Amino acid sequence: MTGRAAKATGVNDTFAIETFNLTKIFDGCLAVDGIDLAIKKGELFALLGPNGAGKTTTINMLCCLLKPTGGTARVMGYDINQEPYKIKEVIGVSPQETTLSERLNALENLNLIGRLHGISPRKLKTWSKLMLETMGLAERARDQVRKFSGGMKRRLNIALALIHNPQILFLDEPTLGLDPQARRAVRQYIARLNGDKTILLTTHYMDEADFLADRVGIMDEGKIAALGTSVELKTEMLATHTMVVQAWNLTQKVVNDMRSRYTQVAVDKGSMTISDQRLDFKEIVDQLHAAGAVVRSAHIKEPTLEDVFLKITGKGLRE
Amino acid sequence: MRFWQLSLRSFKETYRDPLALGFLLAFPLMFMLLFGAAFGGDTAPSYTIGVIDEDQTTVSQSFVSEALASVPTIEITTFTETNTALEQLELGDLRAYIVLPEGFGEQVLLSWQDGEADIALNITYDESDLMASEQIIASINTATRAFARIEIPVTINANPINIETEITNIDYIAPGIIIFGLLIMIPTSARIMLRDKENRFLSRLLTTPTRPWEFISSYSLSLVAIAITQIIVFILLGWLFGMDIVGSILLAFLIFLLTAICSIGVGMVIASLTKSENQGESLSWLFSMPLAIVSGVWFSVEFMPSYIQTLAHAFPFSHAVDAARAVITRGVGLEAVSGDLVFLAGWAAGIFILGTILFGRTMRS
Ligand SMILES: Nc1ncnc2c1ncn2[C@@H]1O[C@H](COP(=O)(O)OP(=O)(O)O)[C@@H](O)[C@H]1O
Ligand SMILES: [Mg+2]
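Taken in order, these protein sequences are the chains called V and A. Just so you know, the working numbering puts 251 at position 251 of the first sequence, and the rest follows in order with no gaps. Just so you know, the working numbering puts 204 at position 204 of the second sequence, and the rest follows in order with no gaps.
With the rest of the complex left out, here is chain V (with noise of 0.2 Å):
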């Protein structure tokens, strides 16, 4: 069906979402500016990026709440200006907000959401009492949702965009205000459901975007900054390497050394940490040794997303 609707709009069959140029100006101030983006179906794709990136308001235009200022999208080879109420059919949301019925129990939420969607109302009772139990939430199912802790609504938040079965799923920072336990269990979860849906998530945490994501767009003040798998943005991005030192006696000697031997070399109480395009092991520990420096502890730090975003807006992720 999707398949004959690409066909007659001519879409490339192999992009669950397309954007071209997609703006939103909020009375003079630029959200989204002009991006273009191309996710292929059951890829997942996270968009990492701080508060105020511009994220959710690119979600709330694919998912057909925003009218775009400028530019268009496809989501399913439909377009999001024509035929909202397609895209509608096909997809589920899990907002930033946690929206849910607050005088339902769990199971009346599931359910109604499930009913808008046209789910039978026999499917709905084998798979929501399936989604209850995989989100932890089964024993609860009876009761309203304004007694549930911020976690369980949460979890319940993502479940209402998964009831319908949906061939798209957007995410807007799910594992957000969930402690440490229940976001590992939302990320696992998360995990299991790749590669069956075409999945949009959005977040802030970059190891969530390095951990689950197939592919990472940075974005930063409404534009995509960097584009590609967390390794070819850590690598391609990342010309340089650092390497980080635990030792005694780091004298003004021993920094004045190894200064002149690297771009950048800092020092704070017993350990230093030096950054070069190119660095070898071995060769830094002799050469701090050869300055009369003890060396307790070495290792290669490995580059994050978080440096990724660093190097490439000067700014942190968390402001």
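Bear in mind the hints are in silico, worked out from the structure with no lab data behind them. If you're wondering where the values come from, they're calculated on a predicted model, not measured in any experiment. A couple of the hints might just be wrong.
Some chain A residues near chain V, calculated using beta-carbon distances under 7 Å [as the list claims (entries may be wrong)]:
no., residue
1, Arg2
2, Gln5
3, Glu13
4, Arg16
Even glycine gets a Cβ: it sits at the ideal position worked out from N, Cα and C.
Given the coordinates of chain V, work out where chain A with the ligands should sit on it, guided by the hints.
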């Protein structure tokens, strides 16, 4: 059906909220009690009525001495001359006077024989004394029908004249208060949708393929259930305070229901146009309070400038007040209020279409 699922949800959200539910029922209840206490009282007012028997048949004479004399709320004084009765009316000694025209007895006899008759009475009263006169007309109507043993209301040629007095009565007041109670469904309706808007649950619902008309009609359906409960409470209370429903209770109910639907529709329009509960609620009160006054829910608006009356007539509530009073106090039938009913129904349909269009426009900003 999507809209049914949404209605159920809306209804559950309301009845599981004791505070909201309490407010919905307590607020109108309070109004009714307040007005009931002010205008009801336990002493039924007694009116002195003049009677001029121009027919002078045995039937007309027994009508005066038996039927009219047995009405508890009126006291009869007979006159031979219309002029003397009018003088007394102007002096305030009489509240109204009735003229039994020639042929009255003949028509009553006809109705006794084969049921087909055209019984007419002429009644003259002070037009500013609307409440009393409504009740006098209602009582005389009932008495005449009992006397003539007919089902249909009698033709009463009302002839209001202008004399200054001020007396109120529950029969006149109650229908207006009920309409007022239904008018304040406007803020209630707006609030229910705006709550979903403000806590963003509506956004989540908007990511499902639900259409604008389904949203509007589902919110409304759950509100109609509330409205029906309110109307029943109103009618029961009115009855407790001594409101007589002379006409058909079903017809009165229909008028009230259509009024409620119009209010709900206005609430939906306001909710579609505003963003927060506070905004919507202020706008609702700003709209419904002046409208209540010019629609004549508390007092007659005949003294107001004609353009205000024209304005009031563009909205359904003044029509509802007129129709409800006509049915409840004068016992008129469907035909007499059909114009008002059509206006109410048309207005309800129009406001729902407008609400749906506005909701559709604003659901994607
Ligand atoms: N409804 C709105 N009205 C005005 N400005 C908005 C609105 N929504 C978002 N913004 C602005 O757009 C920018 C992007 O916001 P958002 O998409 O929520 O970022 P993110 O989800 O990446 O944190 C922010 O500067 C925010 O203040
Ligand atoms: Mg966001």
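Need the list of violated hint numbers for this structure, in ascending order. none
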